[in-house]
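> Here's the letter readout for the chains.
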Amino acid sequence: MNPLAATSQDSVRSAVKVGLLGGLGYIFVSAVGMVEGLGEKNVIDPILSLGYLMLIWVGLWAGHRAGAGALPGDGVSVVGRVWLGIVAGVTGGLLASAFLIWINTFVVREVFTNISPALIELLNLRQGLGTGVAVAIGGGALLGGAGAAIGTLTPLMRRALTGSFLWVLIVGFLEVILSQIFREIDLGVFLAFLIVGVTSWILLRNFGDSQRVLLGGLLAAFVVGVLVSQALSEVNLGLRFIPDFAYINRVGGRALTLSAAAIVFLVAFAATVLFDGRRRAMRARLAALEPAERQKWAFGLVGVFVGLGVFLPMILGSVVNELLSTTGLFLLMGLGLNIVIGYAGLLDLGYVAFFAVGAYTMAILTSTSTARNWAPELSFWEALPFVVLAAVVAGILVGTPVIRMRGDYLAIVTLGFGEIARILFLSEWFSGVTGGALGVTKIPPIELGFYTVKGTDTQAVLYLVLAFVALAAFVSYRLQDSRIGRSWMAMREDEEVAETMGVNIVKAKLLAFVMGAILAGVGGALFAVKFGTIFPASFSIIVSITVLVLIIVGGMGNIPGVAVGALVMIGILGGSNSSGLLREFAEFKLLIYGALMLYMMLNRPEGLLPSKRLARELHQEEAVQDAWLQGEIEQGEED
Amino acid sequence: MSLLKIVRLHKDFGGVIAINALDFHVDEGEIVSVIGPNGAGKTTVFNLITGMQAPDSGEILFEGETIIGLTPDVLTGRGIARTFQNVRVFANMTVLENVMVAQHCRTSKGAVSAIFRTAGFRREEEEIRERAAEVLSFFGTRLVGYRFDQPAFMLSYANRRRLEVARAIATQPKVVLLDEPTAGMNPSETREMTELIGRLRDDRGITVVVIEHEMKVVRDVSDRVVVLDHGEQIAEGSYEEVTSDENVIEAYLGRPARAH
Ligand SMILES: Nc1ncnc2c1ncn2[C@@H]1O[C@H](COP(=O)(O)OP(=O)(O)O)[C@@H](O)[C@H]1O
Ligand SMILES: [Mg+2]
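Protein chains in written order, with numbering that gives the first Met the number 0: chain A, 0 to 638; chain B, 0 to 259.
Isolated chain B (complex conformation):
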């Protein structure tokens, strides 16, 4: 059984068909890349899976159950996390707070225990803090130490992207959806992120779906590649299969080339 299964999904925005009869699936433990020209509907697929937008028709199954109509916070609780193409860290919260708040649905203490600072509350706060520090240590020395208390807007662009990934991991997901995690990064940062995506699965057992433009990254991380164009899946398979596919070549060459 697939971890995530999308069946004949359809979404249009007032006439613009963003997703058209899309089928695809992600198995547990896989790293799947989603590629396609700009405007192909990749981000929209993520928005539909995470409940931020509602599909017009079709079905999304997570662990065999439909998740259509569920709100984003419930889906995060189920184990779906994501990052955003246009980095959306909580800019005025500190690095640590960004990762702490992401554990919201894994923790439970409410207003009353916060006011009385019950033993349970203090224990949970301690755990939240420790887990946040642990998640941030995943990026080596990039986001630790004095950075903990720095507001996120002070981070470099690449570090903000890393913080987004950290925040997604902190929700303790089964599957994480990464939307162009290397966009705007230089080659060495891109290499680092590529290796990190591998470690997400290998060290933490998280299934990964990644939207990526950088073909080197796609080649290095993917077990499987899905190609979208005009909201439809035009090819699927290994990196080699996909890159030699006629449809794919046409989709990419048939329009002005662009980087990201």
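Excised from the complex, chain A in its bound form:
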């Protein structure tokens, strides 16, 4: 009997369609060079390279979509769904095979530069065209069926399965960080975490109502923690056998061993299944917390982050510290742009101008290079007020002409301002001061009195950046929840009405621009010190776009959201001129930015970690429905 007989023609047709899409996906990731470019990098040694992972993912996706495409009312059985997945997989495999035959027969490299002999080898599994075709079709069928089968599992099993696989990938990708932590962790840092953690737990439990006791206790714990960590920093905990067991050296970088992958998978799977009930209970309890209680725990959470910020840089090693300082610099800018766009609703696309102004002010005032005409050679701290001043002036200069502009016009004009700033710094006119295309060199390190923060001292730079980020986050929070913050919010909602309600639009807009400019300016100043040299080329439009994308991806208007955005965009994917944790993806960064933006706009426009307000705004219907279900809304007026 034909198992597809039970399914409607529509679902078969849509399975074929999805399969063709999957086939196109296969061709696409191959032709843009991902399969080959990422082929070297093994995720799980020796069975899974990143390149193949891309192809496998395409197959699973197609099967899943095809299986889910059958409507519940169709009466399609589990077997029917799996068959739909297989249909999609085979269809995709056929399309992929056509592609394989084509590239095996003709040399298309002159047009499609990425379709190289090496790629063909990879796709053929080094066994010739026949194998390639067989694997494409057979593998397609297998993956399609598997994808569809996953879709028919209970939600818990599905989550456990995909989640555990995700954990394997994460542990694989975080190799740099995890190895480093396990190798470096010493008794001092371990005890420090313990001391701070236990103290804060006790404090929150028993003295949660007294802010003074909380703060004092935490501060004391931190001081003790730092002392302990310094005193015992030589005693290694001897955990290096863990990364030695889990990872193995390969050409494309270190990869997870098969046994380690299996362990991670099993542990994650078991944890998901076993703790499912507890997780739900926690969620429910969190949702039911009183505002005062909630504030207490929010306080605890801030404590956790401060703890991580203080102790982690000690053991993360220079590569990760460097990565995090770059992330921090972008986060600083993100927080600034979040005020301008997220709070005040002013779409500023020339934000890099303020970053450049801050960097150049710091560079020009402190540089000890003799190449330029004017060099006052101030110290970092003497120059910092001028950086702020310059940022304020720049904010007003950009803000004033665009006061009455809205939306698209504002975006275009500010975009222009960003370019103007870069070109001015590049131009010959001011090259006596700005160094023209050569930029400014010899920017000195920061003197703290007891310590000198050199740009190459990644740990110290990270501490400095984190300190400024904390300050910026603090300022943002306080502004948001104030008369000024409310006026920005109103302006973002409806400028005309805000004005009629008494908000001075000119003042409010300029203040938003100025606050944003200050944060970006300080970020620029730190950037200058960190690298010791700045060039106009570092301040191109791509910086503005990166910062914008990171706050959109993270969650506009929400400070933790901006932090998540910075971590994902800069820390993991890599910023405009730095590579992130996934350096393998560096070549495809812009492609991934684009794909990520598309995905976010379609599926999660409020960002990964949105503010409650924005989430509500973008899902008004759902919010209204929820409230109605809870009996908090009237359908028509009662009388």
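Be aware that a few hints might be false.
[Said to hold, decoys possible] Pairs of lysine to aspartate or glutamate, DMTMM-like flavour, derived with a Cα cap of 25 Å:
no.	chain 1	residue 1	chain 2	residue 2
1	A	Lys506	B	Glu125
2	A	Lys453	A	Glu183
3	A	Lys611	B	Asp11
4	B	Lys108	A	Glu495
5	A	Lys506	B	Glu123
6	A	Lys295	B	Glu124
7	A	Lys588	A	Glu321
8	A	Lys506	B	Glu124
9	B	Lys108	A	Asp493
10	B	Lys173	A	Glu183
Quick caveat, the hints were computed from the structure, so don't treat them as lab data.
Given the coordinates of chain A, work out where chain B with the ligands should sit on it, guided by the hints.
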């Protein structure tokens, strides 16, 4: 001396004459209704008074001084508040925040005191919150309690209209301009709003100018009625005088009748 005085006001929109040589005045403590067929220029008068649009010629005097050229926020500071015909609450702000932000020009604490949470700042925030709660209690139980923290888009249509009125009151105005406050309301809600308009003046001493289509409301609240047609004042006087005026009857009957 009139609180608000309009002298030979003129406004056209690229050929469409919206307001033509309009004269009228509002005395302190009065409730004045402005009526007229659709497109008569009523909303435009409000836009001109609140500074949202600039007149082509003529004069607007508030407390004896010209207010032409002043921006809407300055006029709000002087004591002119309004609501909008097409409800324009800040939909994504909570009910309380809507009313809090309306006190912007009555408060003063800036960015620096907000960052340092000075004693003065905290006191002012507390006052803003209390006043907002007090203003919202003006509508009985309609907008209080759990509604404080509900985003405005969750409110029913009638409650949004009430919130607009609350927001206008929160600016602590001398005169409030209500643009069709009962539009879209059912009879009982309309009655409630009618009574509320009376209380605006009686309890709070606010002068009221109200654009209204519902003749029952006009009859019940107005001390005086001004009738506009084609941007001109065609009649003025008590409800009875105006409704028996030949010009008015012609203006309303001379074109297809409509509800709002
Ligand atoms: N912003 C505008 N641009 C062009 N025409 C306008 C504008 N505002 C109002 N009008 C025109 O002015 C006239 C009066 O409008 P309005 O004051 O809204 O009337 P009412 O409120 O009495 O119904 C109408 O003919 C309308 O089309
Ligand atoms: Mg109107």
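> Hint by hint, note whether the structure agrees.
Hint by hint, here is what the structure shows:
Using a Cα cut-off of 25 Å, the hinted pair Lys506 of chain A and Glu125 of chain B holds, with the two alpha carbons roughly 24 Å apart. Of the supplied pair hints, the one linking Lys453 of chain A and Glu183 of chain A holds, its CA atoms being roughly 22 Å apart against a limit of 25 Å. Proximity of Lys611 of chain A to Asp11 of chain B is assessed by CA-CA distance (about 44 Å); at most 25 Å being required, the pair is judged violated. About 22 Å separates the Cα atoms of Lys108 of chain B and Glu495 of chain A, which keeps this hinted pair within 25 Å; it holds.
This hinted pair checks out: Lys506 of chain A and Glu123 of chain B have alpha carbons roughly 20 Å apart, not beyond 25 Å. At roughly 22 Å between alpha-carbon atoms, Lys295 of chain A and Glu124 of chain B fall within 25 Å of each other, so this suggested pair holds. Restraint check: the Cα-Cα separation between Lys588 of chain A and Glu321 of chain A comes to about 19 Å, which is no more than 25 Å; the hinted pair holds. For the hint pairing Lys506 of chain A with Glu124 of chain B, the CA-to-CA distance comes to about 20 Å; that is within 25 Å, so the pair holds.
At roughly 22 Å between alpha-carbon atoms, Lys108 of chain B and Asp493 of chain A fall within 25 Å of each other, so this suggested pair holds. Note on Lys173 of chain B and Glu183 of chain A: the hinted pairing is violated, with a Cα-Cα distance of about 70 Å set against a maximum of 25 Å.
Consistency with the previously given hints fails for numbers 3, 10, ordered from lowest to highest.
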